[in-house]
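Q: Chain by chain, the residues:
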Amino acid sequence: MTDTSTTSNAPELLSLRGVHKSFGRVKVLKGIDFQVGSNEIVGLVGDNGAGKSTLIKLITGVHRPDSGEIFYKGQRITIHSVRSSRMLGIETVYQERALGDQQTLWRNMFVGREIANRLGFINVRAEKRETERLLREHMGFTSGAIDTSSTVMYLSGGEKQGIAIGRALHFNADLIILDEPTMGLSLSETRKVLDFVRDIKNEGKSAIIISHNMLHVYPVADRFVVLDRGQIAGDFRKADVTQDELTDVMIKLARTGSLA
Amino acid sequence: MDLNQSTPEPPVPQQPADTTPRKPRFRFRRSLETGIFVVFIIVWAIFLIGNPRVFTEFHIYYSLMSTIPFIGILALSVTLVVVLGEIDLSFPSVVGLTSWVFATVFALSHNLLLAALACFGVGIAAGFVNALLVVSIGIPSLVATIGTMFLFRGLTNVAAAGNGIALSAARGHFLYEVAVGRLFGLIPAQALWMLGLGIAFWFLLNRHRFGGHLLFVGDNAESARMMGINVARVKTIAFVQVGFFSALVGILSTLEVTYFWPNQGTGFLMTGLAAVFVGGTSVFGGMGTILGTFLGALIIGSLEAGIVSIGLTGFWTQFIYGAIITVSVAIYALLMRRPH
Chain A
1 MTDTSTTSNA PELLSLRGVH KSFGRVKVLK GIDFQVGSNE IVGLVGDNGA
51 GKSTLIKLIT GVHRPDSGEI FYKGQRITIH SVRSSRMLGI ETVYQERALG
101 DQQTLWRNMF VGREIANRLG FINVRAEKRE TERLLREHMG FTSGAIDTSS
151 TVMYLSGGEK QGIAIGRALH FNADLIILDE PTMGLSLSET RKVLDFVRDI
201 KNEGKSAIII SHNMLHVYPV ADRFVVLDRG QIAGDFRKAD VTQDELTDVM
251 IKLARTGSLA
Chain B
1 MDLNQSTPEP PVPQQPADTT PRKPRFRFRR SLETGIFVVF IIVWAIFLIG
51 NPRVFTEFHI YYSLMSTIPF IGILALSVTL VVVLGEIDLS FPSVVGLTSW
101 VFATVFALSH NLLLAALACF GVGIAAGFVN ALLVVSIGIP SLVATIGTMF
151 LFRGLTNVAA AGNGIALSAA RGHFLYEVAV GRLFGLIPAQ ALWMLGLGIA
201 FWFLLNRHRF GGHLLFVGDN AESARMMGIN VARVKTIAFV QVGFFSALVG
251 ILSTLEVTYF WPNQGTGFLM TGLAAVFVGG TSVFGGMGTI LGTFLGALII
301 GSLEAGIVSI GLTGFWTQFI YGAIITVSVA IYALLMRRPH
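So the sequences go chain by chain: A and B. The first sequence begins at 1 in my numbering and counts up one residue at a time. The second sequence begins at 1 in my numbering and counts up one residue at a time.
So here's chain B without its partners, still in its complex pose (with noise of 0.2 Å):
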């Protein structure tokens, strides 16, 4: 009890100091944060300790900087799916769909910046598709983007008949070095987007009103319907970031090589959910964090490249990602547990 003596407010009413002693309320999400974070140092100090060599030089870290981020940006962005307890799975197929459209306008109009456009609408579409399935029609997210996963991976397939497409004229444009070029020759531009939207995704979901919201349809839909919610407003556009920055990683992934091949995306699905998950974010909807899926997909993203200079042969990869992605969602479900 603490009562402020000069205050003229007046006196509590009735109510009885309440001295029953209570359990510390937990603050999961910070907790889980922490926990996400000594994982990264774990993993990076096995690293360091393993090859010390490799893991003290810059060229690894300039190496990771350009792979990262596309995982890293599609996680980013998957989680606020996963905040309103939904999945998406179709985000690699818009990856492959949205790269063969920019590719192949570019291939035609040699013009980037109409790449560019089309490719974001063709994003935005594909985001809109899985929203009018969900959302309107009503089909759990999980079925809807197994179907479309398929329509939208099929649908590149027959378009490009099993061709690539080569983007080299792409080098050099402007809109090249600010997708993919190289800051100063060291830092590779993906890398400053992942930076720039991680940031930009934390102010979203933890200080605008949208995120607020996301978190609130996650939580309970039924009560964020009653104080206000658009429960379908904020669903669908949820989805529709998704296919917008699934086209956002077309672009960078097909610059980085310059090159569109047809298959471009498909190693994003599990790698991209894994990030999210290990970063801590729950499932059940209703709470998430940025910073988790960042340092998840920083984990996620150099285990691969890890694992193989610390000496281990490359079949331990999956090993080592199943292990890493078990024992720390078993973590963070002990965390979670409810009172009661």
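Extracted from the complex, chain A is given alone in its bound form (with noise of 0.2 Å):
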């Protein structure tokens, strides 16, 4: 299927249609249909081992589907590598590994895109005046203890995925993947992370979340998608879903295995 004329009729960002992916004799995903529309918040929920990272790692490029096709902006594609699906703009913001510790926010926030001249010589103060623009305008840093120099590990968990999902937004990804966002996160760290994902959506971009836990991504999630032993077990818009039978939901399917 070559032709792209015929599937661009939804407004949809990211659309995957019938991905099988297999590790050995384990079969991860078994036909997966998933969507992310423009604008549009996803909430990836699902038990330990339903699949969602897998589903992840066929979207950012670290692995390829055995079978199925992968849709981006209407054109069909092939993610060969970590590196492609950025230059699609879709970029994922891992807790752990989003940033560097020991280094300032002005290098984070530039780190292998750096503003530099032609010998390579960064233009650090460039990198500052940016970083500090983003910080304030757009991140809600008004803190005076934190500026562009400040070293990272200074930082409060839910702060480092502030400066990982700004620096996503600056660099105009599209599409943001955050890689359970809120775990093990105070309830105050949780909400400032929340504040962030709805920055993604004032900037008109998608994102999806991935979590376990259904209760922390309610509150900014426009649909939710669950995941159940590699299949799509449901999919909910939050117009027609309250929190409780959502919660409901998840709990009939970890007792029963299946919402029929």
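One thing to keep in mind: the hints can contain errors.
[What the hints assert, rightly or not] Pairwise CB distance ranges, derived in the manner of DEER restraints: (1) A:ARG83 / B:ALA125: 28 to 34 Å; (2) A:ALA254 / B:SER31: 48 to 54 Å; (3) A:LEU187 / B:VAL231: 35 to 41 Å; (4) B:SER168 / A:ARG118: 42 to 48 Å.
Think of the hints as simulated: they come from the structure by calculation, not from any bench. Every residue gets a Cβ at the ideal spot worked out from N, C-alpha and C, and that includes glycine.
Need the complex rebuilt from these two chains, each delivered in its own frame; the hints are there to steer you.
A: Set out below in structure tokens:
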């Protein structure tokens, strides 16, 4: 299917169709149909081993599907590598791997995409100025204790993810994938991270939030996709479902193994 | 909260002003550099007070300027590898091997330029051998470079068969003057090399894209990879440049005495590394200070002369080396203690 004109009817940013993936004899994904609309925040929920991280690794180019198709902005694509997914505008924010802990904020903001002259010398002033602007205007860092020369290790877990999300937005990522962004964070830190996710929405971009805890993603997601043992077990728009109903669904799924 | 009155930007969204008091965010590189500078001043003051006659005259500085640059240049170069969280123990052996190549090619061809080019070629090749073992095969650099340390030294021993090589014919040659001549008859050229390279390495680590990549790879290789940095390439370049600068020191140290001897460079291992660590660069990687290494080399390189001239016997040297290294490294460890 190379004709892309027939596929661009929906305002979908990303679409996976009939995707299968096995590792050896273990079938991890069994025919996944998964979409992310433009300017949509999707909560991808499921227990450990449901296939969430494998699904994400297909989208970010770490693995390739055995069969099935991936469409991005209406085009059928093959994602060869992490780098090629970033070129497409897909950026992943991992809690632990997002930033260099001992480096300053301005270095973290521009690492790998430095503002440099032809000889490779970094324009530190420009990088700091731009980082400062991002911190104050877009990321809501108002505290005087954080500035562009602060070392990342002194930030809280939520702030670190704020930096990583802000960085992704600054470099025009269209789809930001957050892998368990609230894991191990306190309540107030979780709230901060969710505020950063709202920024993604406000900037007109899309996100996939992966979580095994429905409650954490409920406030910010537009839609919830429940993954169970390699298959999509449920797909709910927030407008159609309350938080309690969703929780019941998850419990039922955990108890009986199906939603039927 | 410092919102300018006239900015047309939309107001900061919902985020409440952060009023919780925070601990001051320590910039440890700057405090480390202040620390090493203080140590440097103290050590020098002790020498000055201990023997004002020697340390107020130019002669001692002239002599130190002719000897310190060898470990200084090596330490600057090795700093980049340490920033990666790696180590290179083979550089003194590369100095030996490249010195042999330099002396031999010169003895055969009487062409200093050709000798220098051959020397640099071998240095770069030696760096690639280290990079191959560490980056491609995946041997921890400590282990790999212990191996190549013996390998390169052994190669030098076999090739030289215990014989030194005289290079007195190089004296007066233009390249000789550039390498180890005396500017106005006062300043050894190698001191200018060390100063110039110190500045160049500072800009490389702190202002160049490559330096930023070194810091990130040393800090969090996984994150660096995700941000599109070619980790293997960065590591390879780091090991290769140590080979290159070891060859430079091979040339300088051979020309300084116009003589090659087979165990050339052996004294540089511990002093070179000590300069890096006294300077404050972290063995864990991700952080490094060129200014620290520069001052560290000045301290380490002047200790022996200083200790003797303040009236202690040479037996004290190692003890004082040890005291300075352990105390300064302990201070840095305390300074750099992570939060939480």
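Q: Now tell me, hint by hint, if it's right for this structure.
A: Status of the hints after comparison with the structure:
A hinted range of 28 to 34 Å for the beta carbons of ARG83 of chain A and ALA125 of chain B is consistent with their spacing of about 30 Å. For the hinted restraint 48 to 54 Å between ALA254 of chain A and SER31 of chain B, the CB-CB distance of approximately 52 Å keeps it satisfied. Distance hint check for LEU187 of chain A and VAL231 of chain B: the Cβ-Cβ separation is about 37 Å, which falls inside the suggested range of 35 to 41 Å. The given range of 42 to 48 Å is respected by SER168 of chain B and ARG118 of chain A, whose C-beta atoms sit roughly 45 Å from each other.
Taken one by one, the earlier hints all hold for this structure without exception.
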